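S.K.: Line by line, the protein sequences are chains S and U. One point on numbering: in numbering that gives the first Met the number 0, the residue at position 151 of the first sequence is 150, and numbering is uninterrupted. One point on numbering: in numbering that gives the first Met the number 0, the residue at position 282 of the second sequence is 281, and numbering is uninterrupted.
Keep in mind that the hints were calculated from the coordinates and are not lab data. Owing to the predicted nature of the structure, the values given are computational and were not obtained by experimental measurement. Even for Gly, the Cβ is constructed at its ideal location relative to N, Cα and C. Check each hint, because a few of them may be wrong.
[Stated by the list, open to error] So the derived list for chain S, only partly shown, Cβ under 7 Å to chain U, looks like this:
| id | residue |
| --- | --- |
| 1 | V26 |
| 2 | L27 |
| 3 | A28 |
| 4 | I122 |
| 5 | A125 |
| 6 | P127 |
| 7 | A137 |
| 8 | L214 |
| 9 | F221 |
| 10 | A251 |
| 11 | I258 |
| 12 | N266 |
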Amino acid sequence: MSATSDGAEAPWRRLLRHRSAVAGLVVLALYAVVAIVGPLVVPFDPVRQDLGDILLPPSLAHPLGTDNFGRDELLVLVYGARLTLGLGVLAVLVGAGVGAPLGAVSGYLGGWVDMLVQRLAEIMLAFPTIVLALALVAGLGPGLRNVVIAVGVSSIPGFIRVVRASALQLRALMFVEAARALGVPSWAILLRHVLPNAAAPMIVQATIQMGVAILVAAGLGFFGLGVEPPTPEWGALLGEAHTYIFRDANLATFPGLCIMLAVLAFNLTGDGLRDALDPRLA
Amino acid sequence: MLSYVGRRLLAAIPTLWGVATAVFIMARLLPGDPARVIAGVLATQDQVDRLRWQLGLDQPLPVQYLDFLGRLVRLDLGTSAHYGDSVTGEIASRLPYTAELAFAALAIAVVVGVLGGAAAALRRNTAIDLAISAVSVVGISMPTYWLGLMLIIVFAIQLRVLPAAGADSPAGIVLPALTLGLLSVGLIARMTRSSLLEVLGQDYVRTARAKGVPPSRVVLAHALRNALVPIVTAAGLQLGALMGGAVVTETVFGWPGVGRLLLDSIFSRDYPMVQGLVLLFAVTYILVNLLVDLLYVAIDPRVRYI
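Excised from the complex, chain S in its bound form (with noise of 0.2 Å):
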């Protein structure tokens, strides 16, 4: 990325004079330490029963009570950390590896391929993201990795769009006209000058995705679509917890307050993000 003109601070400044964001900033610290250390130190087996304990209230030594399978509900949440948040990280990144460089040969040649490639992402728009997937894992079957395609699948349009946008802009400045006049290729071109230059739109464009595919795809898990109980993803405890809700309530608590912090701190550090590396819009 070019340097910052003269007088503009730096963005990573900026983001760290937004208040929200700092705050969605350390939940996902909070949550990316969970995740990825969560399950190497919690003496725990996600599947082991104890049927002599289900439905416990909290207690000192169940703090949150136990679930429908008598297991810790405080650990199963840390356990359940890595695949909920799992599932949003690995769905983004489907959605951007289509998305973005589709956006990008869409704005950068125009014509035709912009004309199919738009008609694509408008199509693909017009199915509210939640029955996209479902209509997806309909087909496909259940499962992590189906999961993670239908989510990631209904991802696509939006990095469709904002690279296209960023790809339209550049084609008219000058260094890329000057390498298209020295014979530089055109994938060259896209893959060294367009798409770098749309980082900065990916970055907050992938933000905002997350919490959209955690919703989506603890939604799936909720309806029993997605990953299959006893494995302990949020959505799937969450739907779990709706059959038992009349005789523990604790139990649809937690779950939803987990997804529900994820989503909200995603939210705020795209905000804080957009309004860091996009001055224009702040």
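We have chain S; now place chain U onto it with these hints.
M.R.: Below, chain U alone, put in the same frame as chain S:
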């Protein structure tokens, strides 16, 4: 104006066609033999073959595709594998429930969102403004399914004032409508706030104030009316999000609309029904967006189309 409506309708046709084609391709990508799935595991090979012939699945793909489009134009979406009657008929009997829920939710979202957003804009940078932006971003981050469960716990289990599920009593709609509506409140409030703030800075608002128009009239007649276009857009686009949210909400509350029908059909592997419903959701979304575009002309006389 009429020619504008006509042109917009014509322009929607390629998108509708693309959506239909996408649904056709998705249905054909399914693993396994659709005839076997629809006939069920207990059917004999003979029955499966007969069904394949009946459904036209023994024809080459292009023939199937043309047949699919031809029947679609006549609103024939095939026969439900689970209910036995036509997909269109079953959808038509469930659609009123979803429409009722969506409009109740939208009404909640618009009333609360516009009032909240206006309060935030008029009391800029006060505690009210801060609280409303906090509620907005929390609302956007809220998983619908969790909000639904929390409302059930508070109102149906602890306070015992509202039913937890079903559409049997008139009170049954309250919790699902609140769940669905609260999702959109945040976005509509945000849009109202920024749109109103922009209008309040305009010269004609200052003029109105200077010539002694009462403050309430300045806000209602001068500012809010002009701030309406982005608000209507946000509300209209929320109707798309509401349809996705309806799938979740109806399932959590056992509300007998098309959203719950979609999940039930996925579980009973009723593929003709799933295909029909997915198509319904996309087509509704396209038509709602079209309607919102056309509404501009009615709201804002400055918008004129040639």
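S.K.: Against this structure, judge whether each hint is valid.
M.R.: Comparing the hints with the structure gives:
1. V26: violated, 11 Å
2. L27: violated, 13 Å
3. A28: Because about 18 Å separates S:A28 from the closest Cβ in chain U, which is outside the 7 Å limit, the hint is violated.
4. I122: holds, 4 Å
5. A125: holds, 4 Å
6. P127: Hint holds; S:P127 Cβ to chain U Cβ min 3 Å, cut 7 Å.
7. A137: holds, 4 Å
8. L214: Interface hint status for S:L214: holds (6 Å vs cutoff 7 Å).
9. F221: Constraint on S:F221 satisfied, holds at 5 Å.
10. A251: Hint holds; S:A251 Cβ to chain U Cβ min 5 Å, cut 7 Å.
11. I258: Status holds, d = 5 Å.
12. N266: holds, 5 Å
Checked against the numbered hints given earlier, the structure breaks hints 1, 2 and 3 and satisfies all the rest.
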